[in-house]
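Protein chains in written order, with the numbering used here: chain A, 1 to 276; chain B, 1001 to 1194.
Take the hints with a grain of salt, since some may be wrong.
What the hints assert, rightly or not - Taking lysine to any residue and the SDA-like style, the derived pairs with C-alpha atoms no more than 25 Å apart in a straight line are:
#1 A:Lys62 with A:Asp220
#2 B:Lys1163 with A:Asp220
#3 A:Lys202 with B:Ala1035
#4 A:Lys219 with B:Leu1098
#5 B:Lys1181 with B:Ala1127
#6 B:Lys1181 with A:Ala177
#7 A:Lys62 with B:Ala1035
#8 A:Lys202 with A:Gln133
#9 A:Lys175 with B:Arg1068
Stated by the list, open to error - Derived coverage of chain A by chain B (criterion: at least 3 residues anywhere in the stretch with Cβ under 8 Å from a Cβ of chain B; other residues may be distant):
#10 12-19
#11 29-43
#12 48-60
#13 64-74
#14 170-181
Just so you know, these hints were derived from the structure itself, not from any lab. Every value quoted in this text rests on a predicted model; they were computed, and no experiment measured them. We put the beta carbon where it would ideally sit given N, CA and C, even for glycine.
What follows is each chain in one-letter form.
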Amino acid sequence: MTHEDYKELLAAKALTALDAADARALTTHLEGCADCQSEMVELSEAAALLAYQAEPLEPSTKVREQILASVRAEVQTASRSDRVSPGVSQRDRNVLSFERPARNIWSSLGSFGALAATLAFVALIIGLAVLWQKNRTMQSELARLKAEMKQTQTQRDRERAMGELLTSPDGHMAKLAGTNVAPGAQAMLAYDKSGHAMLMAKGLPSAPEGMAYQLWYIKDNKKMPGKVFTPDAAGNGMLEDQIPAVARDAAVFAITLEPKSGVQVPTGSIYLLSSS
Amino acid sequence: MSLGVQLESAERSDVELLHAVARGDEAALARLYDAYRVILFGLLVRILNSREEAEDILQDVFIQVWRRAKDFDEKRGRPFTWLVTLARSRAIDRLRQLGARQRLATGAAQEHTEMVSDALSDTIRVAQRETVQQALAELPEEQRNTLVLAYFDGLTQSEIAAKLNAPLGTIKTRMRSGMIKLRALFGKQLENFG
């Protein structure tokens, strides 16, 4: 394709009307062509104004309330996560300070007689034992908090990555609904033109021992295996995967319960399914 | 104050609001929502033909605005364009998932229409709407139909060609010619607002 050929595609891209192959080709060209980028901005501005052609309508008041409630929940989650750090520092300081009383007791040993020295020694041993136990408890608590922080951070990183996928110009989203074996389950799969995909699922039943949920890409009745994941105790699960090139357009996505190592051909029940 | 000055002032204000949202200002998000909910919801209902689906997407759009406001770059377009592009992209994804089923459900979405009461917003919106309608009216019918099928029905060029039983090359030409003409007409008429 020549530069002029790509320019011919810009108007259709502004209207999101390009067919998949043209869209992929133009996205690559746009990354390195300032001239096309500039025209793309102008055409997008014009396309956006077409929104005024639609009749203005008032949404119900609950939408505003729900948006603000979601945002507040995110803020609270973030601030809880931020508050963990000072607490951990304090615990660190506590752990390191336990040697001081030991030194004080040893330094006073010479001022008393043998009995006093023995009592002091016993007291020291008891004190050290108590402090050692306390130290172990704190170390354990510290490890737990660090793991929790890491998990929270990972969750936030994944949510951020999913948000980036959804808002990228070539981002797509597919919703998966629970089937009759998991009517309360739902999931969202976001992916881009490169096939980079992220799945967020909720409401899934716990996977039995040795089992996990596996993602499938279905195109023309051909079932291509994706990765496996295990939901947490609340039934939430996340997964990052690469969609096979052949399955990126008009594919159906499904999630089945399979052996934990994953299988090449689905054997279990379908728990979540996208519309075709 | 002229309408043109009001529009320019509103856009400056929107950029500031988006910057405030990026800093975590919930009130700024609420103001953006209040400013654009009516036009965006109207657009979403027109595309999806369902108030319920449109409210779902509208909520999703503003949560994305909250998370992604820091990515907004005013050099790459106006806040309005950013919001409309985000909303339309989500709606068309949903439409393509729903398929033809949703497209048949015409009319039901219009039952509970409530118009907004803010006089200044109404004035700006009515003026913008008239501009867009005038511009569209100046296009040849086949170009106008092609743009509407793409913009509001979410059809690709191939799908439009099949629907209109026209060669794909013809659809591509109509779409590009129509958009270039619209861009020129919008530019000219928006200048006249001042």
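Give me the numbers of the hints this structure contradicts, sorted from smallest to largest.
1, 3, 6 and 8
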